[in-house]
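Work out the full structure, taking the sequences as your base and the hints as a guide.
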Amino acid sequence: MKSAYKVLAYLIAALVVVQSAAMVFAVAGLGIWVEEGGVLDAATMESEPTFTGALGFMIHGMNGMMLIPLVAVALLVVSFFAKVPGGVRNAAVVLGLVVLQVALGLFGHENAYIGMLHGVNALVLFAAALFSGRAAAKADSMAAPRTAATV
Amino acid sequence: MSRSRLRLLLACLAALAIVIPLAWMWQASLVPATYSVMDMGTLDYGGGPEPAAGAMDHGSSGDMGDMGDMGDMDMAGMEHGATTSVADLVTKADGPPDVAVDLVAAQGEVTLASGRKVPGYTLNGTSPGPQIDARQGDLVEVTVRNESVTDGMTLHWHGVDVPNADDGVAGVTQDAVAVGEEHTYRFVAEQAGTYWYHSHQVSHEQVIGGLFGALVVHPARGSRNAADSDTVEAMAVAHTYSGTRTLNGEEGDVPFVAEPGQRVRVRVVNTDNGPTQVWAGGPYVVRAVDGYDLVEPTPVTDRSVTLTGGARLDIEVAVPDDGSAVRLHVGGATALVLGPEGSVAPEVTQPTEKLDLLSYGSPADLPFDVSDPDRTFDYDIGRRPGFLDGRPGLWWTVNGKMFPDVPMYVVREGDVVVMRIHNGTSEDHPMHLHGHHAVVLSRDGVAATGSPWWVDSLAVDPDETYEIAFVADNPGLWMDHCHNLPHAKEGLVAHLMYEGVDTPYRVGGALENQPE
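Chains as they are written, first to last, in UniProt numbering: chain A, 1 to 151; chain B, 1 to 516.
Treat the hints with caution; some may be incorrect.
To be verified - Interface residues of chain A toward chain B, partial, derived using beta-carbon atoms under 7 Å:
id : residue
1  : Phe25
2  : Val39
3  : Asp41
4  : Ala42
5  : Ala43
6  : Met45
7  : Ser47
8  : Thr50
9  : Met65
10 : Met66
11 : Ala74
12 : Val77
13 : His109
14 : Glu110
Said to hold, decoys possible - Non-contacting residues of chain A with respect to chain B, defined by C-beta distances greater than 10 Å in every case (computed):
id : residue
15 : Tyr10
16 : Leu11
17 : Val24
18 : Val27
19 : Pro49
20 : His60
21 : Pro69
22 : Asn121
23 : Leu123
24 : Phe126
25 : Asp140
26 : Met142
Claimed, not checked - Here are some, though not all, of the chain B residues that point toward chain A, as calculated from beta-carbon distances under 7 Å:
id : residue
27 : Ile208
28 : Gly331
29 : Gly393
30 : Gly424
31 : Ser426
Note that these hints are calculated values from the structure, not bench results. The structure displayed is predicted, hence computed values, not measured ones. Glycine residues also receive a C-beta, built at the ideal position from the N, C-alpha and C atoms.
Here you go:
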């Protein structure tokens, strides 16, 4: 269970990396497309434009609103069994940050400054997921020799 | 009990405390493979009278949360008699049609005017499909054959208040037309104006894929409007094919040849999901919105006008006298360039101000009294996380509840209905009511002071509240949904139901009816 905890926590950190990569991929592609004469308005946004990078918006939305929350819930459930010191607390913090991140992402559509916080919170979430994973890895490595000794 | 066992027990309980509510929510959100929209949602009488027991074929008295039992409920409903089937709500006009059109729907590639091919759908080999022209009062008969649209297809007459049986909504007013089959639509074009038609089967894919065309109902000969013969007409059907903006299928500047000094009425149709802005290089007049002429509209300068998804605007512009052309922009990427052959029009940037139709034109009497409506409904749009048919995500809500637990607005023929539409989300929603035109009464508590503003597709921006009114004069079962069609797919869809009307059609099932 400790390894499951570790894998899920690191997975969240990796998915946050995907999120930031997807977003810059999309925005860069959008910029190039506009430079080349593409015109953006709501009707274009809603029609799933086909420029290189447009896929990034879709990946960001699906990954952020479905996949990461699901993994964060799974991490919390696993934390109950994993016996990682502070593991439940860490997993709860990660899930809380995920919920906050989704909310900031949505409200960013109403207020660009909230979008800025979304960017900041992404790094906080990344760090929290990494920290949780490392704590589990540490507990795992400490537990491993003891298990070996009893055999 | 040992300490480790207690710990394991606590862990199990904590895990179940998280998993069980999630699993329950997931299970409760599952929509059965086939269901009748009659059984959907919570009946909302809007403060009007409720029908006697048995007169309505709604599955239960309310909550459709446990959709798993729906099949049984519908069987129970079928025992009630005394209902009119939507299939029988057809036009009373008989005899040969004045306008007869045969269409063939196909799936494959759309060839844009530039020669570029994109995956999509065509009608008679083209997209947009053939324009259908009729005169006011004409009986229109359109037969569509599905050659190769694998999901099946239908045709919905967007903005035309057709009889319910001809509304073209798969699973609600008909079954989707499968490959090799055909379907005939018949209706009288009663209201002159600009309309369009499109598939209402898997509409979030088929419409953006190109399964649509324009429909123009010209004023009857000898009518006051028809006498205005010194104005010529042009079309500007806006559509985005795989990210490419087009007007009438063409990209960029689309020329329209007209004499110097000529006045041109441009019928602009937004077939896209999102709103766009329309503006001109000179003064323009908004003659009509959603097929209804405005009263005494005045020339507009330095302002753009919003054209929301599914909506239409008839815009009159004058070609300059000096031999140059005038530009009518529909979004930044495309423009109709109206002028003599070979003439050029100066570039014109998008105005920062927008025209407010709430105070545009002159007021006039409404054909019905809105001071004491028979029913008042709320259509409050929200958004929250949850499961939609088992899929986790952020989904739209109507009056706080997620699809399929959305309101079923119940009316009786002849009712004056007021509907308050509030958008509590961060995205705009082009709200489209089938089968009726509603007049805008107010926005955010500010009463309309301009020309009566009739709509079938109304842009409701974030945090806005519109109050609209209509007369329930077209019995049937009508969709009332967001015309940003992916939003409808994400649950932003409700229905307006007349007392005593029932539908034999079902969403899902072997015919795979999927209206959204």
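Evaluated hints:
| no. | hint | verdict |
| --- | --- | --- |
| 1 | Phe25 | violated, 16 Å |
| 2 | Val39 | holds, 4 Å |
| 3 | Asp41 | holds, 5 Å |
| 4 | Ala42 | holds, 4 Å |
| 5 | Ala43 | holds, 4 Å |
| 6 | Met45 | holds, 6 Å |
| 7 | Ser47 | holds, 4 Å |
| 8 | Thr50 | holds, 4 Å |
| 9 | Met65 | holds, 6 Å |
| 10 | Met66 | holds, 5 Å |
| 11 | Ala74 | violated, 10 Å |
| 12 | Val77 | holds, 5 Å |
| 13 | His109 | holds, 4 Å |
| 14 | Glu110 | holds, 4 Å |
| 15 | Tyr10 | holds, 21 Å |
| 16 | Leu11 | holds, 17 Å |
| 17 | Val24 | holds, 20 Å |
| 18 | Val27 | holds, 16 Å |
| 19 | Pro49 | violated, 4 Å |
| 20 | His60 | holds, 13 Å |
| 21 | Pro69 | violated, 7 Å |
| 22 | Asn121 | holds, 17 Å |
| 23 | Leu123 | holds, 23 Å |
| 24 | Phe126 | holds, 22 Å |
| 25 | Asp140 | holds, 17 Å |
| 26 | Met142 | holds, 18 Å |
| 27 | Ile208 | holds, 6 Å |
| 28 | Gly331 | holds, 5 Å |
| 29 | Gly393 | holds, 6 Å |
| 30 | Gly424 | violated, 11 Å |
| 31 | Ser426 | holds, 4 Å |
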